[in-house]
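Colleague: Here is what each chain is made of, one letter per residue.
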Amino acid sequence: MADGWTRADLVSWAGTLVAGEPDISNGSHGTAADLDQLCRAVTRAVPVSGAVISLMTHGGPTGIVASSDAVWRDVEELQFILGEGPCWDAFESGRPVLAEDVRAGDEARWVGYRAAAIEHGVRAVFAFPLQIHFARVGVMDVYRNAPGGLDDHSLALILAFAECATALLVDGQEAAGAGEIPSGVDHALGSRFEAYQAQGMVMVQLGVPLADAMARLRAYAYANDRTLGQVARQVVSRSLSFEPEDAASGTEKGSES
Amino acid sequence: MSALPAERVAEIFVEFADTLVEEFDLIEFLQMVTTRASELVGSSAAGLLLADPQGTLQFMAASDERAEMLELFQVQSHEGPCQDCFREGAAVVNADLSRSPGRWPNFAPRATAAGFASVHAFPLRLRREVIGALNLFGSDVGAMNPADAGTVQALADVATIGLLQERAVRRGEVLTEQLQGALDSRIVIEQAKGALAQIHACSVDEAFDLLRGYCRNHRLGLSEVARGVVNDPRAYPDLMA
Chain E
1 MADGWTRADL VSWAGTLVAG EPDISNGSHG TAADLDQLCR AVTRAVPVSG AVISLMTHGG
61 PTGIVASSDA VWRDVEELQF ILGEGPCWDA FESGRPVLAE DVRAGDEARW VGYRAAAIEH
121 GVRAVFAFPL QIHFARVGVM DVYRNAPGGL DDHSLALILA FAECATALLV DGQEAAGAGE
181 IPSGVDHALG SRFEAYQAQG MVMVQLGVPL ADAMARLRAY AYANDRTLGQ VARQVVSRSL
241 SFEPEDAASG TEKGSES
Chain F
1 MSALPAERVA EIFVEFADTL VEEFDLIEFL QMVTTRASEL VGSSAAGLLL ADPQGTLQFM
61 AASDERAEML ELFQVQSHEG PCQDCFREGA AVVNADLSRS PGRWPNFAPR ATAAGFASVH
121 AFPLRLRREV IGALNLFGSD VGAMNPADAG TVQALADVAT IGLLQERAVR RGEVLTEQLQ
181 GALDSRIVIE QAKGALAQIH ACSVDEAFDL LRGYCRNHRL GLSEVARGVV NDPRAYPDLM
241 A
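Heads up: the protein sequence lines correspond to chains E and F, in order.
Position 155, counted from 1, in the first sequence is what the working numbering calls 155; the numbers after and before it change by one each time, with no gaps.
Position 22, counted from 1, in the second sequence is what the working numbering calls 22; the numbers after and before it change by one each time, with no gaps.
Since the hints were made in silico from the structure, they are not lab data.
Note that the Cβ used here is the ideal one computed from N, Cα and C, for glycine as well.
It cannot be assumed that every hint is accurate.
[Unchecked claim] Now the in silico label distances, taken between C-beta atoms and shown as ranges:
{"id": "1", "chain 1": "F", "residue 1": "Asp18", "chain 2": "E", "residue 2": "Asp69", "range": "40 to 48 Å"}
{"id": "2", "chain 1": "F", "residue 1": "Arg87", "chain 2": "E", "residue 2": "His29", "range": "38 to 46 Å"}
{"id": "3", "chain 1": "E", "residue 1": "Ala175", "chain 2": "F", "residue 2": "Arg87", "range": "41 to 49 Å"}
{"id": "4", "chain 1": "E", "residue 1": "Ala175", "chain 2": "F", "residue 2": "Ser139", "range": "23 to 31 Å"}
{"id": "5", "chain 1": "E", "residue 1": "Gly149", "chain 2": "F", "residue 2": "Asp64", "range": "40 to 48 Å"}
{"id": "6", "chain 1": "E", "residue 1": "Arg95", "chain 2": "F", "residue 2": "Arg216", "range": "52 to 60 Å"}
Isolated chain E (complex conformation) (with noise of 0.2 Å):
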């Protein structure tokens, strides 16, 4: 079907499929339900499990803006949790990542986020960098829980939703005004910012760098199998703290009260 078809139709036809699905209202709103509409789309064209959007920087992942359904946000977090995975590269690269199949490939890469994404029953990771030329600002990803590749017109129509998502935030910023961020975004990144609140917070409580306060609390989530979002609430409702002496031992362990 993608044979004659150019990148300006598929994204005018993908823009088509984001207009007429159905607007759920899962409780966002603004440019973040817009991408959450765009996401289902995704899913409903291609044939994919689930689809996700996150916002990065060159440190990472800011937060999840948007995705086909709630249940995929703990898949993606896996990959800010661990500091590795697909859309660390897809953004870094400014090019595709494309993993038909968790299971195989390559050795070598992703090891812990490769044993998380199984876990979570991934089988095939796609991760399409959100960019205009060389200005980055996110990163599509596409899930399945069945293993396989992309065939091309799939491919080309999920570039065709990634050039959509992209046109989306940037219309949003615009609309947003400078120091303001697209509507929605905020409500949508709210469990990411607690996250950072209690990365502040440990921070105080450990006497370390930031950095170091967030990988304490990715790996407190991790060895612990909640999300960091359960972990940051624990963390600001004050039901839990790190201590010192634990981060002189080395060992991961929150003291729970």
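On the provided structure of chain E, position chain F as indicated by the hints.
Modeller: For chain F alone, kept in the frame of chain E given last:
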């Protein structure tokens, strides 16, 4: 009149399409367009106008001072071949200046006085969007053949695509930078809220009030102080007390 070898013509086309480079300079690019366009068809001079966001033509570049003067005149008087070409989205070819005082009563005498006998104008256009016009001035009348006119129009088309692409890319860069900047400052404010909440054993909302109050009293930016707090809380003893 197309005296240029095919290789040189091809070279010029490649040059015109090459807008997506890091060190792109709009004026330099348009200057190059005017000199190459006149080189291509052996005309004496060329000038270029682009529409501003309000849709009014503005002077951008010219191959020499005479052309610059005539372009500026067209901008000020809203009269001349570039204005007609831009309005109608169609090329004006081989306009004989000595026969045009009716069409351009103010422009034609000035162009003649500058030493030109004929004028051509080509729209800078992509599909229905016209973003400006390219003027060529000649010292002979009726010298541009249809093949040359086609080549110049093709060149104008390539330059237009390049310009529009460059605009889209620049807008994307500015806006993604804005988004990253706004997100960065949101993150650092959340981190500082957490740090202050821990130091003062208060809620994060109370910590935010504290931070905001401090910034107001000291006329400092929120994200600037937040960044300082997370880098070294001791740098703000007033906030720690």
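Colleague: Each hint: holds or not?
Modeller: Going through the hints against the structure:
1. At about 44 Å, the beta-carbon gap between Asp18/F and Asp69/E stays in the expected band of 40 to 48 Å.
2. With their beta carbons about 43 Å apart, Arg87/F and His29/E fall inside the hinted range of 38 to 46 Å.
3. About 31 Å separates the C-beta atoms of Ala175/E and Arg87/F, a value inconsistent with the hinted range of 41 to 49 Å.
4. At roughly 52 Å, the beta-carbon separation of Ala175/E and Ser139/F lies outside the given 23 to 31 Å, and the hint is violated.
5. For Gly149/E paired with Asp64/F, a C-beta distance near 58 Å fails the hint of 40 to 48 Å.
6. Between Arg95/E and Arg216/F the beta carbon distance is about 46 Å. The supplied range of 52 to 60 Å is therefore violated.
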